[in-house]
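Asker: One-letter residues, chain by chain:
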Amino acid sequence: MEKLINDFSFGLFIWQVVIFVGLIFLLKKFAWKPILDAVNTREEGIKNALLSAENAKKEMENLQASNERILQEARMERDALLKDAREIKEKMIADAKEEANVQGARMIEQAKASIESEKNAAMAELKSQVSSLSLEIAEKLLKDELSNKEAQMKLVEKMLGDVKLN
Amino acid sequence: MVISRTPLRFIFVAIIACFSLISFANPVVDSTKVHTEATHAVSDSLKRTAHTTEATHAEAGHEAEANLTPEEKEKQQRKEFINHHLLDSHDFVFNANKETGEHYGFHLPVILWDNGLQIFSSEKFHYGEKVAEHNGNFYVLHHEKIYKTDASGKLNEEHGHPTNVKPLDLSITKSVIGILGVALLMFFIFSSLAKSFAKNGGISKGVGRIFEPLVLFVRDEIAIPNIGEKKHKKYMSYLLTIFFFVLFLNLLGLTPLGFNVTGNIAITASLALLTYLITTFTANKNYWGHIFWMPGVPTPMKIILAPIELLGTIIKPFSLMIRLYANILAGHVVLMSIIALMFAFKSWIGSSLSFGLAFALSLLEILVAFLQAYIFTMLSALYFGAANEEHHHDDHH
Chain A
2 MEKLINDFSF GLFIWQVVIF VGLIFLLKKF AWKPILDAVN TREEGIKNAL
52 LSAENAKKEM ENLQASNERI LQEARMERDA LLKDAREIKE KMIADAKEEA
102 NVQGARMIEQ AKASIESEKN AAMAELKSQV SSLSLEIAEK LLKDELSNKE
152 AQMKLVEKML GDVKLN
Chain B
-1 MVISRTPLRF IFVAIIACFS LISFANPVVD STKVHTEATH AVSDSLKRTA
49 HTTEATHAEA GHEAEANLTP EEKEKQQRKE FINHHLLDSH DFVFNANKET
99 GEHYGFHLPV ILWDNGLQIF SSEKFHYGEK VAEHNGNFYV LHHEKIYKTD
149 ASGKLNEEHG HPTNVKPLDL SITKSVIGIL GVALLMFFIF SSLAKSFAKN
199 GGISKGVGRI FEPLVLFVRD EIAIPNIGEK KHKKYMSYLL TIFFFVLFLN
249 LLGLTPLGFN VTGNIAITAS LALLTYLITT FTANKNYWGH IFWMPGVPTP
299 MKIILAPIEL LGTIIKPFSL MIRLYANILA GHVVLMSIIA LMFAFKSWIG
349 SSLSFGLAFA LSLLEILVAF LQAYIFTMLS ALYFGAANEE HHHDDHH
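First to last, the protein sequences are chains A and B.
Mapped onto my numbering, the consecutive letters of the first sequence carry residue numbers 2 to 167.
Mapped onto my numbering, the consecutive letters of the second sequence carry residue numbers -1 to 395.
Bear in mind the hints are in silico, worked out from the structure with no lab data behind them.
For glycine and all other residues, C-beta sits at the position ideal for the given N, C-alpha and C.
Some hints here could point you the wrong way.
Unchecked claim - Stretches of chain A that chain B covers, calculated by requiring three or more beta carbons in the stretch to come under 8 Å of a beta carbon on chain B:
| hint | segment |
| --- | --- |
| 1 | 16 to 22 |
| 2 | 37 to 49 |
Claimed, not checked - Pulled from the structure, derived: some chain A residues nowhere near chain B, Cβ distances all over 12 Å:
| hint | residue |
| --- | --- |
| 3 | S53 |
| 4 | K59 |
| 5 | N68 |
| 6 | A75 |
| 7 | A86 |
| 8 | A106 |
| 9 | M124 |
| 10 | E126 |
| 11 | A139 |
| 12 | L156 |
Unchecked claim - In silico DMTMM-like pairs for lysine to aspartate or glutamate, Cα to Cα no more than 20 Å straight-line:
| hint | chain 1 | residue 1 | chain 2 | residue 2 |
| --- | --- | --- | --- | --- |
| 13 | A | K48 | B | E227 |
| 14 | B | K228 | A | E45 |
| 15 | B | K164 | A | E3 |
| 16 | A | K29 | B | D218 |
| 17 | B | K128 | B | D148 |
| 18 | B | K229 | A | E44 |
| 19 | A | K84 | A | E74 |
| 20 | A | K30 | B | E210 |
| 21 | A | K59 | A | E69 |
| 22 | B | K197 | A | D38 |
Throw the hints in and build the complete structure from the sequences for me.
Answerer: What follows is the structure, given as structure tokens:
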């Protein structure tokens, strides 16, 4: 301790304090402030650049995601459309089939009805023809038959016999 | 569990600091002892050659000196050389030839405050061998201290210390030259670094560029972790200046120019004093509250703790002062002793071995130079951080 006190040079102490404090203020003005400011701005710049790059990347990802989504949606829409179309087609076919069936059935019915009526008409015609023919025949026969008395009698008898038989 | 890094780092630094203290503590004590004994050895005469007499010869006085063998004389000379180196000097001497009394170097101006400024060249002292006369006053250089005497140059000594009047010595000593040189060098390096930033759009260029990582290191590893992101800015100038100042002076001390600036108690005292003043004047209410009225302890304890805490604020910078001084001084003593061993051995094995040892130790000293600059700055930052700590006791106590 004694040596420490003995070694202590007050003049050197004063010089040191003066020079050192002066050095602090000089360096503060000419070195530390500009250096730290420059470093800070540089770091800020780097941080901002990194941040913006990150943001750009995120945006890109978002864009990609939304693209994907849109594509997905389009695909789904297409599928839905196709499905709808198929359904419509099937429905149409089914409807058409049914319609055709109904139509066919009706036509057949109509045809059957017309055939029936035609047949009936034809039958009626035939019947009238047959009756007129048979009347004519009967007339002619009767004219022939009834040209002689005998034949007339025979006929009457025969007819009576038929009636009896009936 | 989260382990914060700051206390771990602090413990690490503290261990390193203690390590260097322990490993170099003994040589320091030894050197002090030798020196003090050497100082005691000087009796009341003005025979300045006697002031390095070995401790064992101290009692015998000067008569014994004449009986010394040439080897012992050499030994003495080496010891004297080392002791001389550790002190500040009024001359810039690179080498001296004891036999012919020739000195290779130059004289430095002596500035004294003794009834007005007294300025003259240290040539008048002739390396402490003569009494300097200036403006009718007589001065004597004894152990690199200037005393006022009469024409005969007689010093009145008591317990080995001269009692003559010591005028305020503002001389441009070797250490002042070293400080000025380092200050100029720092100004040149860092102002050019600052300019290169502006010139190259935020990217440094040139010589100063080497120091840019160190500047960032001080900011990111010392200032911000210890003081905090918000408040570190106002301390940056001081921390950066002190870091590079101590580092450069430590490294300057390792050059063969023979500077021993950071190993001088006046230098470390001024640095520690500045740290203390800055801590004291920038401290917030919370810091003073902790010192005078420690929260969270019983009132009697508060009264006991206050003086202890107050003493602690002074001990902290005091330890800063002693740590740097002792480390650098011890490094110089050990290194120079080992270099002296090279000459003492006078055999090719021993000398080359001590050369290797000196070489290894020089490398270690470079590490110590960085480490001590780091520790000084680190602890200063720690004290500033403590002075600026915000109130956060409610969640602790």
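Asker: For this structure, which hints from the list above don't hold up?
Answerer: none
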